[in-house]
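A.B. asks: Dock chain E with the ligands against chain V, hints included.
Sequence lines, in order, name chains V and E. Just so you know, we're using the working numbering here: the first sequence kicks off at 7 and counts up by one. Just so you know, we're using the working numbering here: the second sequence kicks off at 17 and counts up by one.
Derived from the structure by calculation, the hints contain no laboratory data. Predicted model only: the values in this text are computed from it and were never measured. Hints should not be assumed to be uniformly reliable.
Part of the chain E face toward chain V, derived, beta carbon under 8 Å [unchecked claim]:
(1) 136
(2) 174
(3) 177
(4) 204
Every residue, glycine too, gets a C-beta built ideally from N, C-alpha and C.
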Amino acid sequence: MERTPRLRPGFRFQWEPAQKAHVLLYPEGMVRLNDSAGAVLKEVNGQRTVADIVAILEQQFPDAGSLADDVSEFLKEAEQQHWILFP
Amino acid sequence: MNRHDTMPAGDRPGIGPPLWLLAELTYRCPLQCPYCSNPLDFAQTQQELTTEEWTRVLRQGREMGAAQLGFSGGEPLVRQDLPELIAEARQLGYYTNLITSGLGLTEAKVNAFRDAGLDHIQVSFQASDPELNNAVAGSRKAFDQKLAMARAVKEAGYPMVLNFVIHRHNIHQMNDIISLCERLGADYVELATCQYYGWAFENREGLMPSRAQLEKAEADVNTYRQRLADDGSAMRLIFVTPDYYEERPKACMNGWGSLFLTVAPDGTALPCHSARLLPIEFPNVRNSSLHSIWYDSPGFNHYRGDSWMPEPCRSCDEKGKDFGGCRCQAYLLTGHADNADPVCSKSPHHDRILAARKAADHATAGLEELTYRNANNSRLFFRG
Ligand code: SF4
Ligand code: SF4
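Extracted from the complex, chain V is given alone in its bound form (with noise of 0.2 Å):
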């Protein structure tokens, strides 16, 4: 929870509003982010923590309970992709 997650090199994260949803774009290549991965990604910027980003998701929606191990997991699932890393 203490690691620091940032994007790859090459990788940028951006609104498309003709997508109507986040994408990351990179190298040749772009993917179209749900509304959860957008909303997980848009907080990873290199300073904020894991437990920062959980922080921050818990305040956003209040409803949804701990998202400890949802963030985690997708953050997980994200560096296997290689779109972030944990330097």
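C.D. replies: Coordinates of chain E with the ligands only, in the frame set by chain V:
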């Protein structure tokens, strides 16, 4: 490397927006690769679009939802306005890719592009050693320049994407190629077996690997990939195998007019970069907006949906998966662009693929017998 999940809706029912825009800035190029995908008669191309015209195209594309932008060619570096176009594209919100041979690149340019907002530079190589590389490229100093530029790209903080076009004269080099990429610190390595359009179709007999060569290469790549995984390396290997050894065609361009829009140097808008060879009239960005080109032009609507399909595709339950394959390949190999891509074993023309495979088993032509891509050879192909 393209990944898309469910498609967003566009401005017409059933037609999504062009998410990918390829700007072929010029057909000019200092190299002469015999597998170049540029049209055979490129030397006849009329005036290139101006900076203002390209800027308009970029704006219109972005408004329609395009997010990935490729600058290619020819060699895009010969355009003096490249930094300006990069800055404009980045400011519009594109993810900008520069696809270059590395010739004409300097460290200063690498950094200037970075400052203008370029996201990624892909440097293409012809082989893992200077002799073969330079022979294929038709240039004596290409290899050292490429190495230097690959290093400069990495240094400047870009993701490093190296591209090797694979054919029968370098397919035995897989291990050397990958280990060169590893030493350079590449993030992605594209090992792209030749696709037979443009100059590559003309040179197919001299380029196509045999099945035995291909299987050996695939095994080499898989072994290497395993080793990278064991080492915890983040370098990704993308091996594009030739569809001539498949029994089903590729879902070409993810479907005609579904994601990709190419604008050629003279402003001709195309659903893919080789579609120019088809006997179809394509619109030009000089006379129409990108929006009307994409949604309303006969050229772009020609092969949308599946009502144009003859048999065997028409009644095939796989047509939603591969869209009948590639129109250019159907045209080049059967003379009719509507036909099923002959790669498909259900195609009545599949024998042409089998014949090409057989020829590849016995081919003996050396590199010197290939037709190199240059203006003199191009003029020979002009049929106008
Ligand atoms: S394939 Fe070779 S000849 Fe063709 S544009 Fe690229 S570098 Fe130039
Ligand atoms: S017959 Fe046509 S639609 Fe069916 S698999 Fe072959 S190419 Fe695809």
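A.B. asks: Look at each hint and say if it fits the structure.
C.D. replies: These are the hints, each one checked on the structure:
no., hint, result
1, 136, "holds (4 Å)"
2, 174, "holds (7 Å)"
3, 177, "holds (5 Å)"
4, 204, "holds (6 Å)"
Of the numbered hints stated above, none is contradicted by the structure.
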